[in-house]
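From these two lone chains plus the hints, build me the complex, please.
First to last, the sequence lines map onto chains A and B. Under our numbering, residues 1360 to 1781 are what the first sequence spells out, in order. Under our numbering, residues 14 to 225 are what the second sequence spells out, in order.
Heads up, none of these hints are tricks.
Here are some of the chain A residues that sit facing chain B, going by a computed Cβ distance under 8 angstroms:
hint, residue
1, T1437
2, A1438
3, M1481
4, P1489
5, V1491
6, F1500
7, Q1523
8, N1525
9, D1549
10, R1619
11, D1642
12, G1644
13, W1651
14, D1692
15, D1696
16, I1736
None of these hints come from the bench; they were simulated from the model. Keep in mind it's a predicted model, so treat the numbers as computed, not measured. Every residue, glycine too, gets a C-beta built ideally from N, C-alpha and C.
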Amino acid sequence: MSKSVPTSRRGILRAGLAAGALLPAASLSARAQGGPDPLITEVQDWASYTGEGVDETPYGLPIHFEADVIRRNVPWLTADPISSINFTPIHALDGTITPAGCAFERHHSGAIELAKPDYRLMINGLVDRPLVFTYADLERFPRHSGVYFCECAANSGMEWAGAQLNGSQYTHGMIHNMEYVGVSLKTLLDEAGIQPEGKWLYVEGADASSNGRSIPLEKALDDCMIAFKANGEALRKEHGYPVRLIVPGWEGNLWVKWLRRIEVTSGPVESREETSKYTDTLDNGISRKWTWVMDAKSVVTAPSPQSPIQHGKGPLVITGLAWSGRGVITRVDVSTDGGKNWQTARLAAPGQRMAMTRFWLEHDWNGEEMLLQSRAIDETGYVQPTKEALRDIRGENSVYHNNGIQTWWVREDGSAENVEVS
Amino acid sequence: TPVLADPLGLGRDALPEEIAAWDVDVMPDGTGLPEGSGDVMTGEEVFLEKCAACHGDFAEGLGNWPPLAGGEDTLDRKDPVKTVGSYWPHLSTVWDYVNRSMPFGQAQLLTPDETYAITAYILYSNYLVEEDFVLSRENFSEIAMPNAEGFIIDDRSDAEYPLFTVEACMQDCKESVEITMHASVIDVTPGEAADEEEASPASNEEEPAVDP
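Bound-form chain B, shown alone (with noise of 0.2 angstroms):
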């Protein structure tokens, strides 16, 4: 591997307008931000043009698309529903994300105030706040979410690590073994012309078991 202690002279300077272009990302105290504000009514009109066929007109989510709201006290239960109220740790991921990457199929053709406007209504279908509130880069940092401290870092090291280092059991590890459950779903075959059509789960249809 070569380590270089000279730079080689290769690329180009970025300019600030290139920079400005590409660099969006908004930090968890709101460093990033844009200037402008908008208000609940206002996302409302724009997330049921821009957002509801696919989240619903109250962002609980239609179909296998994801719920924006709702889900709240479920963390901690069989399958959680874990949505911008329930679970998002910061206020910024919202905004950075449907900055960057909303409508799908149509990203980055939203203002920034309808970023704002759409924001404030995510906030209020999660009932953070009133229907008359206002939400701008002065205000930002003042909004609390929910699950704002439901994370932790990593802690496999300590949880995990020391109980799957220990020497591994070669024979007679256990008196028996019985088979307690076996795959639920019809599944593919290869060979089988019908497979691609066929395959999907019996049990298991309103609600997908895994986002990838």
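Pulled out of the complex, with its shape left as it was, chain A reads as follows (with noise of 0.2 angstroms):
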């Protein structure tokens, strides 16, 4: 055997990329045929020669690969690119932490270019002192950290009429969760001094669209923070460098990114994010508004349309993510019958607080149709509801915080489907 190695070897690296994504084929058919495994019994490229220097990727991309596990966007859901949105490949991951460089964007106005030494931010309004701050006097402050998830309010919010796209990337996937270094917005408040008739926040960031929000200053006090890093680094430019807001627990819309202007007001400004949009009509024409907090809410990962099951029969990873804007999520059931019965699932770890939480459940799959549905519950005793537990309720108008049950309708070749079922 080894005589002949040097030989294909060679032949390999002439043929380039082609013949060596041809060897797994082969060693499938060697080991059908009960012979032993090529990839194991001849010495492999990677084996035998050298690898890429440490100075080859200053700052690293995925291997090429993986190259599907990336933000998608669904041209048809607005206007333009501009003001649009796209989606995380949730899919694909595992754990918690939302990789930063496919974590999922949302702007009104594009992701702008905000250098730090450009970088202002004003409190302003009901306070002793107005004040201007640059990015390095932020930096001076004690710092707070924390994990979060960031939902869009839209996020499912395709979903309200019935089952329309085919993936839990586009149908999950306006949200990450990344873990958050910054400074409480306590902190910064403390610094200007709040006056008693100061109730409200009203926050906007410095692109064209400003993003105004208003914010009870209780929430605000409680556990709201501005964040510079990351997951580690610096926050990337589409999700508001140098500083954006982090708003745990609540809708998307308010975590304003590229973050200007913070004002103490008595009373909420009614902006245009707080009126014409982010507010959530009703069957009798009636809108909710300052519908803040995300609900518990779960959706099963893998399988599902985008990761189907390709190995047969046999033990089976049923995973995916559970959330809630309440507080901790504290159990996650998982049904295959389409919710006549349910399994507790298990906790890769404890629930964190308005953070991520992922589930696996280990099972043997027999080959036969499953109706995968997964079902959060969080520690304030709220149970995820279907999605005609909402319409119920709401009609299908809400546009915003869909937090419904979600069912991958498995077929016995492993290939899954966005369904719903009665």
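Laid out in structure tokens, this is it:
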């Protein structure tokens, strides 16, 4: 065997990647005949030649085999890609931390480029001392950190009237979960001194859309923060570099990016983003406003339409994500029969407040069709409702806050489809 | 979490000019409006020049761009048409948003008078004022928006929370389960090269399903 190796290895090198890609197939066929696996018995290039040097990639991207683990856009959702949304590839991720490079984006006037030297944060309004901070000032405040999910209010919004998009990336991917470091909003506001009449904050970004929103002071002083680091590094441009607002558990629209101003006010501004948008119209034509909290929600990320079962019968890992804006996820149940029967899944780690929780359920798949569902329960006792239960109360025109239970129809061939069930 | 009793002395005082430059929001009662005025006919001229390419000559909206007029009495129907006239509760929001963030791609270039005039034209397009109407800071708060009473504060704690905090059924929760709806979109499949170009909803092209 050893004599033939150099020849075949040179042949592979000449043929390049295409020949290399054939190896697993050859290996499978050799295994099918009961023979030894050449990936083991033949010395592979990577076990003989060298890989890349440490100076090859000062800041790396994922290996090219993972090229499909990317943000995706659905062009028909919005009039143009500047005020639009893309989706996190949650179907391909595990654990809870979202890699920033594929974490979803939602802009109203594009992702702006704002350098740290050009950055200014103003606090004004009903304060003792209206202040201007530079970026360097902000880094001198005592630090604060936390892991939180940021879910767009419109996540799953396309599914109000029925099953529409085919994949958890599209139905549930307007979300990311990062570890943030920054300064608590309370610390910043203490610096300016809030006057007694100050009851609300109006926060706005430096971009053309401004994305101004009103936040009650109670929430601001409780757990809001400004962040300049996410998952260890500076915020990505598209996530608000150099400073964004973090509003744990509340709809993503409030997480103002490129934050430039915090105004203490006596009442809400009732800006465009809290009147025309991010208000939820009920069946009777009346609309809810200030629907800030994101309720408990979950989704099976695999198997799912973009992550079909490809290994046949036998052991199968059913996995997914759960989260709640009201606190800690305490339990996730999984059904394989459309909600007739449920089993409690295993949480990868104890739930964290207003952060994503990973669940796994080990299943012995006999090759039958499944109607896969997951159901999140949070520390307040709230049980994630079905879509029908939500529609019974709200109708189909809410646009936002769809946290209904998702169903994947897994067929005998392992493929899966987004469906609704009775 | 550090809780600071005393300021650290970081930052500097914001100057009045700086606050005036950035603090331009307008409250529902009109607080924050600058001096100025504009009439419907001037507004039509400005609108045709700066707004109509997306929003239509009559503010009716073109393509997927938002309509600003129309949709009266549609909020309790399937697919409501939400516009300034049919949906927005406060005129202040119109002035504030146009002034700060419109036209799309060329924001913050309008003069106060232009913004008053555009706002007057949008009111006219919604049949809320006559064609000789002049909008100014003085008469701003006299305008009543049709859907001003159409909003309630989040009532999930009463309307939903009690229903969704009952103990979850684990076994034999329903007699039968049928698939009632399939994803209607021919969707992207990872690995197919034509994904991005071909992903479009066969049945839904004339209107967006949602504005995220």
